Amino acid sequence: MLLQIHEPGQAPAPHQSDPGIAIGIDLGTTNSVVSILKEGDVHVISDEAGNRLIPSVVAYANDKVHVGHQALSSEGEKISSVKRLMGRGEGDLKSIAGQLPYKLASSEGMVKLEVNGSIKSPVEISADILKEIKRLSEEALGRRVTKSVITVPAYFDDGARAATKDAAKLAGLEVLRLINEPTAAALAYGLDQGKEGTYIIYDLGGGTFDVSILKMEKGVFKVLATGGDAALGGDDFDHLIAEKMTQSVTNEEEARNVLRHARKIKEALTIENAADGFTREQFNTLIQPLVKRTIDMTHNAIDDAGVELSDIQGIVLVGGSTRVPLVKEMLKSTFGFDPLDDHDPDEVVSEGAARQAAALLGEGDHLLLDVLPLSLGVETMGGLMDRIIDRNTSIPVSKAKEFTTYQDGQTAMMFHVLQGERETVEGNRSLAKFTLKDIPSMIAGAARIKVTFSVDADGLLTVSAEEQMTGQKQDIAVKPSYGLDAEEITNMLRDSMASAREDIESRLLIEKKVEASRVAHAIDTALRQDGELLNEVELKELLDYKDFLVNLAEKSESRNEIKDALEKFEELSKAFVEKRMNKAVSSALSGKDVSEFEKKEEEELAPCLK
Amino acid sequence: MNQVVVAVENLSLSSCWSCHTPFDGVHLFCPACHIIQPTAKLSPFSRYGLIATYDIDLKALEKTYLKVQQILHPDKFVSRTDREKLYSSQQTMEMNMAYEILKDDVKRAEALLQEEGVNFEEKTIHDPHVLMMSMEDREALDEATETGPLEVDAKKRYKDTVVDLKKVFEEKDLEKTIQKTLELKYLGKFLNDIKDKKRKLRENVTANS
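Just so you know, the sequences run in chain order X and R.
Going letter by letter, the first sequence gives residues 1 to 610 in my numbering.
Going letter by letter, the second sequence gives residues 611 to 819 in my numbering.
Since the hints were made in silico from the structure, they are not lab data.
Every clue listed holds true.
Subject to a maximum C-alpha distance of 27 angstroms in a straight line, what follows is the list of computed BS3-like cross-link-like pairs (lysine-lysine):
| no. | chain 1 | residue 1 | chain 2 | residue 2 |
| --- | --- | --- | --- | --- |
| 1 | R | 673 | X | 218 |
| 2 | R | 776 | R | 805 |
| 3 | R | 717 | R | 808 |
| 4 | X | 450 | R | 717 |
| 5 | R | 776 | R | 795 |
| 6 | R | 808 | X | 328 |
| 7 | R | 807 | R | 717 |
| 8 | X | 169 | R | 695 |
| 9 | R | 695 | X | 218 |
| 10 | R | 673 | X | 215 |
| 11 | X | 546 | X | 579 |
| 12 | X | 215 | R | 677 |
| 13 | X | 540 | X | 568 |
| 14 | X | 450 | R | 795 |
| 15 | X | 215 | R | 695 |
| 16 | R | 677 | X | 399 |
| 17 | X | 38 | X | 169 |
| 18 | X | 195 | R | 713 |
| 19 | R | 769 | X | 215 |
| 20 | X | 328 | X | 215 |
| 21 | X | 563 | X | 103 |
| 22 | R | 669 | X | 399 |
| 23 | R | 808 | X | 215 |
| 24 | X | 399 | R | 795 |
| 25 | X | 399 | R | 805 |
| 26 | X | 292 | R | 805 |
| 27 | X | 78 | X | 64 |
| 28 | R | 713 | X | 218 |
| 29 | R | 807 | X | 292 |
| 30 | X | 332 | R | 807 |
| 31 | R | 805 | R | 769 |
Computed footprint of chain R on chain X; a stretch qualifies when at least three of its residues, placed anywhere within it, have a C-beta under 8 angstroms from a C-beta of chain R:
| no. | segment |
| --- | --- |
| 32 | 363–377 |
| 33 | 388–396 |
| 34 | 453–463 |
Which residues of chain X face chain R? A partial, calculated answer using Cβ under 7 angstroms:
| no. | residue |
| --- | --- |
| 35 | 296 |
| 36 | 300 |
| 37 | 303 |
None of the values given here were measured: they were computed from a predicted structure.
The C-beta atom is built at its ideal place from N, Cα and C for all residues, glycine as well.
Taking the hints into account, I'd like the entire structure generated from these sequences.
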C-alpha cells in the first residue's frame with residue numbers, strides 16, 4: 001500500500017480540494033429512485049420521460065439492455081425484483097423457486113438466472129440498473145458521476161450487502177457508504193424538519209418489512225435497534241387478494257395477470273371503499289393478521305432498544321405499502337399518534353441517501369450511527385452457533401473470542417461463519433467457511449485459537465483466526481461465499497466488453513454434472529456418518545442410486561437426464577435427511593452425544609468453546 | 611476539540627506516524643498536525659478519560675461518546691487516505707467496545723473486578739437467598755400470562771442491586787462485590803427472559819387471532 005506522507009499541517013483537509021458530487025440511490029425491489037443534494041435541497045432525478053420512479057426492471061433482448069420504463073415496454077425477456085436474490089445461494093431459493101418469475105440456472109454458491117439464453121448473476125442485473133441510474137444522473141447533472149450512497153434494507157445480511165457493493169463496482173460507481181433504508185428515511189425527516197427525540201421508522205415495502213428505533217439528537221442519528229421480516233410486504237397483500245379471486249390459473253402468464261389485477265385492486269382500495277367487487281372492509285380483514293405482525297415486530301424492536309413506549313415521539317412512514325389505510329389506522333390506534341407521512345414514501349429513502357452522500361463529502365455535520373442488524377458467529381462442535389457479535393451492536397465493531405481443539409493432535413480447524421438469531425446452524429445464514437491450518441499438535445483443549453470478527457461502517461464483515469499459544473499468527477480474511485471475489489468482478493467486466501458468446505448449453509451441462517457429483521459425495525459422507533439410521537433395504541437403495549449419480553456425472557451428455565435424476569434422488573433421500581436432521585437436533589440439544597463427530601475427518605473439525 | 615479524550619495514565623513517549631513530531635501520552639490526533647493516530651492499548655475507563663470506579667455519570671459518558679463519534683467515525687474520513695480511514699475505523703471500534711462495557715452495569719463491574727484479578731468463569735452465586743429467589747422467579751415466569759408486574763418488580767430489584775453494588779465497590783469488599791455482581795448479572799438475564807416471554811405471548815395472541 002502506498003502511503004501519502006504529509007508535512008506537518010499540510011495534510012489535505014476533507015473539503016480542501018473539490019470532492020466532486022455523490023448521488024443517493026434507493027435501489028428498490030420494485031422501483032429505484034436517485035437524488036442529489038443541491039444547495040441544501042434534494043432533487044430527484046427523473047428519466048427522459050419525466051418519471052421519478054425507475055422500475056427496477058431490466059429487459060434483455062438480443063444485444064440490447066433496457067432498464068426501467070423502457071424495459072417494461074421492451075420485447076426482451078424481463079427480469080424484476082432481482083433485489084430479492086442478492087447474496088442468495090441456490091439452497092435459499094428452494095422454497096420460493098416456484099413463485100419466482102424467472103428461470104434459475106444451477107450454480108455453486110451464488111444463484112444465477114437464465115436470461116434470454118445467457119446466464120446472469122443478480123449482481124450483474126443490479127449493475128445494469130445502476131448503470132442506467134448513473135447514465136441518467138450524468139445526463140441530468142451534465143457531469144461525470146462516480147460516487148454514491150446506496151441504501152439497503154436494514155435486514156440485509158452480509159452476503160446481500162457485499163453483493164450490492166459488487167454491483168455498484170461493476171456499474172462504475174464507488175459506494176461511499178451503504179446505509180440502511182429506514183435510517184435514510186429518518187435522516188430525511190430529521191434534517192428537513194429538525195426533529196429531535198426517539199422515533200419509530202416503519203418501512204413496509206413491496207417485499208420486506210423493516211423497523212428501526214432511532215434517537216435523533218443534536219445532529220446525531222443513532223439507531224438503537226432494528227428488526228423486521230425479509231419476506232413480508234405489500235406483495236403479500238396482492239397474493240391475499242389474488243387467492244380470493246375466483247379465476248383459475250393454469251400457467252405462469254395467467255398467474256402474473258391475476259397478481260397484476262390484484263395489485264390494481266389493492267391500489268384502488270387505498271383511495272376508494274370498493275373496487276372490482278372487493279370492499280375495503282374485506283381487504284382489511286384479509287391483511288389484518290399481516291399488519292398485526294408488523295406491529296408485534298415494532299413492539300419487539302422497542303423492547304430491544306431498551307426504551308419505553310412513553311419515550312417515543314413519533315412514527316415515520318416509509319415504503320409504498322404504508323399507503324394502505326389499515327396500516328396507518330392500526331399504527332395510530334396502537335401508538336396513539338398520527339404517523340408522519342408528509343414526505344413521499346417512495347422518495348424519502350433516496351432523499352436521505354442524497355443527504356448522507358453530501359455529508360460524507362463534507363457538506364453538513366450530522367452523523368449516522370448504525371447497528372449490526374443480525375448476530376454474527378461461528379459453528380461450534382455439535383452444530384450450534386456461537387455468537388461473537390450480537391445484533392444491535394453499534395458499528396464499526398470488532399470482537400474476538402477464543403476457541404480450542406476437540407481432539408488430541410488436531411492440527412486444523414474448520415470455521416463456518418454464520419449470521420442469524422437461531423441457536424442451531426440450520427436456522428441461520430451460512431456466510432463463509434474457511435480452515436485454519438498448522439495448529440501445533442497438542443492435547444485436546446490446549447490450543448487457544450482467537451477468532452476476530454470485524455464489521456465495518458458499511459456493515460460488512462471480515463474474519464480472522466489466530467493461534468495464540470505459539471504466537472504463530474495466521475490471519476484469514478473471508479468474503480461471504482455468495483459475494484463475488486475481485487477476480488470474478490474483473491472477469492465479468494472483461495466478459496461484458498468482449499462479447500464472446502459461450503456455448504451456454506455445454507456450460508449448463510457441466511454445471512449439472514458438478515452438481516450431481518457434489519450430491520453423490522454429500523450423500524456418501526452422510527451415509528458414512530449416519531447410515532445406521534436406515535434399514536438395509538433403504539441403505540442399499542440410496543447407495544445404488546448414488547452410484548448411478550456418479551456414473552451420470554461422468555458420462556451423461558444430457559442436462560435434463562441429470563436434472564431428473566437429481567430430482568428423483570431428492571425424493572428418495574427425503575426420509576433419510578429428515579432422520580439425520582432429527583438426530584442432529586436432539587444431539588445438539590443434549591450437548592453430549594458427540595460420537596457422530598468423531599467420524600469427521602480431522603481437518604474438518606469445528607471449534608470448541610473453551 | 612480534537613483532544614477531548616486524553617488518557618491520564620500511560621505517559622509513554624511516542625510520535626506521530628505522519629509528521630513524526632514526538633508527543634507525551636496517548637492522543638487520538640497528533641497535537642502538531644492533527645492527523646488521526648493508531649489505537650493504543652487502554653482500559654475502557656482510560657479510553658474515556660475516566661478514573662476506574664463503578665459509580666460513573668452515565669449521562670456524561672453518553673455525551674462524551676457522541677462527541678468522540680463525531681470526530682472519529684469513518685464517515686468523517688471518507689475523503690482521507692487509506693491509512694487514516696483504517697485508524698478511524700479502529701479507533702471507533704475501540705471506543706464502541708469500551709462504551710458498551712462502561713454503560714452496562716454488569717459489564718462495568720466485571721471489567722473492574724477483572725482488573726483485580728478475579729476470574730469470573732469460576733465464580734458462582736453462594737447466597738442462598740438469591741438462589742431461592744431465582745427459583746421462585748423461574749416458576750413465576752413459567753406460569754405468567756402477562757409479564758407486566760414481573761417486569762416492574764425485576765426492574766426495581768435491578769436498580770436496587772446497582773445501588774448496593776456501588777456501595778460494596780466503595781467499601782472495597784471483594785467477596786461481597788463479586789456476589790453482588792453475580793446477582794445483578796442474574797437479574798439482567800432474568801429481565802431478558804421476561805422480554806423473550808413477552809415476545810412469545812405477543813406472537814401467540816397474533817397467531818390465535
